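A.B. asks: Spelled out, the chains give:
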Amino acid sequence: SQQGEEDPQALSIQEGENATMNCSYKTSINNLQWYRQNSGRGLVHLILIRSNEREKHSGRLRVTLDTSKKSSSLLITASRAADTASYFCATEGIGANSKLTFGKGITLSVRP
Amino acid sequence: GAVVSQHPSWVICKSGTSVKIECRSLDFQATTMFWYRQFPKQSLMLMATSNEGSKATYEQGVEKDKFLINHASLTLSTLTVTSAHPEDSSFYICSALKGFLMVDTEAFFGQGTRLTVV
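Chains as they are written, first to last, in my numbering: chain A, 44 to 155; chain B, 41 to 158.
Hints are computed from structural coordinates only; laboratory data are not their basis. A hint or two may mislead.
[Said to hold, decoys possible] Straight-line C-alpha distance at most 16 Å; calculated EDC-like pairs for lysine to aspartate or glutamate:
hint, chain 1, residue 1, chain 2, residue 2
1, B, Lys-81, A, Asp-50
2, A, Lys-142, B, Glu-99
3, A, Lys-113, A, Glu-48
4, A, Lys-112, A, Asp-126
5, A, Lys-112, A, Glu-60
6, B, Lys-106, B, Asp-128
7, B, Lys-81, A, Glu-96
8, B, Lys-54, B, Asp-128
9, A, Lys-113, A, Glu-98
10, B, Lys-60, B, Asp-128
11, A, Lys-69, A, Asp-50
12, A, Lys-142, B, Asp-128
[Stated by the list, open to error] The following label-pair restraints were derived from C-beta to C-beta distances:
hint, chain 1, residue 1, chain 2, residue 2, range
13, B, Val-158, A, Asn-61, 29 to 37 Å
14, A, Glu-60, B, Leu-114, 40 to 48 Å
15, A, Gly-102, B, His-125, 28 to 36 Å
16, B, Phe-68, A, Asn-81, 21 to 29 Å
17, A, Arg-93, B, Ser-45, 26 to 34 Å
18, B, Ile-52, A, Thr-120, 38 to 46 Å
19, B, Val-158, A, Gly-102, 37 to 45 Å
20, B, Lys-54, A, Gly-59, 31 to 39 Å
For clarity, every value in this text was computed on a predicted model and none was experimentally measured. Just so it is clear, CB atoms sit at the ideal spot from N, CA and C, and this is done for glycine as well.
Okay, chain A solo, but in the shape it has when bound (with noise of 0.2 Å):
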């Protein structure tokens, strides 16, 4: 069953404003990980952040992670339209089941 899901399904913001996305996921697990895809493209990893972790930054990315409610949010700063593309979470999960999970994604447009 789908792992990640993420919210909104899109989102069309103008550039300078912040985007944030979300993601929650259904079992236990190692890390989380944002990832982006340009339009019939292959994906680019973001960010991964770690069970124990809480939240992390990578330049202007902010993840959060909130393990009791099983969910992340993707915080981009001061966008730009070079940011648009569809991002998604994927999730690892433990022990046998570790392998990675993708939610369906979200499309982020900004705009000029």
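Using the hints provided, position chain B relative to the given structure of chain A.
C.D. replies: Showing chain B alone in chain A's frame:
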């Protein structure tokens, strides 16, 4: 970072023919590679886990005789879509793990292959 190259980036084939897609880790050794399938505006669905030197592990519902996976070396995994049909048309993406353990390991993705079966 690490580079994963997938080839071809797109292919059109006739129904009933077979198509081979290659996934190479260019600057690292990958004991484990993954093959995904992605429908338009959909998520990535894991098809199989490719382990170097052993048989691939297929996800439930994926026909192993239809999607042949070979991981003959630490830098190359291939996916062959046999007797392709129009419903096999999709975007196929591979990823490779840099290292031996899945835990807390970043996956590096190829650029994907757009397969169209006519």
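A.B. asks: Decide, hint by hint, whether the structure agrees.
C.D. replies: The hints, checked one at a time:
1. Lys-81/B with Asp-50/A: Holds: Lys-81/B and Asp-50/A sit about 14 Å apart, inside 16 Å.
2. Lys-142/A with Glu-99/B: Measuring from Cα to Cα gives roughly 11 Å; hence the hint holds.
3. Lys-113/A with Glu-48/A: 11 Å, holds
4. Lys-112/A with Asp-126/A: Answer violated: Lys-112/A to Asp-126/A is near 28 Å, above 16 Å.
5. Lys-112/A with Glu-60/A: The hint is violated at about 27 Å.
6. Lys-106/B with Asp-128/B: 10 Å, holds
7. Lys-81/B with Glu-96/A: 30 Å, violated
8. Lys-54/B with Asp-128/B: 11 Å, holds
9. Lys-113/A with Glu-98/A: Holds, at roughly 14 Å.
10. Lys-60/B with Asp-128/B: Judged against 16 Å, a Cα distance of about 13 Å means the pair holds.
11. Lys-69/A with Asp-50/A: 15 Å, holds
12. Lys-142/A with Asp-128/B: 24 Å, violated
13. Val-158/B with Asn-61/A: 29 to 37 Å: Given about 44 Å between the Cβ atoms, the range is violated.
14. Glu-60/A with Leu-114/B: 40 to 48 Å: Given about 45 Å between the Cβ atoms, the range holds.
15. Gly-102/A with His-125/B: 28 to 36 Å: Given about 44 Å between the Cβ atoms, the range is violated.
16. Phe-68/B with Asn-81/A: 21 to 29 Å: 23 Å, holds
17. Arg-93/A with Ser-45/B: 26 to 34 Å: 29 Å, holds
18. Ile-52/B with Thr-120/A: 38 to 46 Å: 42 Å, holds
19. Val-158/B with Gly-102/A: 37 to 45 Å: Between Val-158/B and Gly-102/A, where Cβ atoms are some 43 Å apart, the hint holds.
20. Lys-54/B with Gly-59/A: 31 to 39 Å: 49 Å, violated
Comparing the model with each earlier hint shows violations of hints 4, 5, 7, 12, 13, 15, 20; every other hint is respected.
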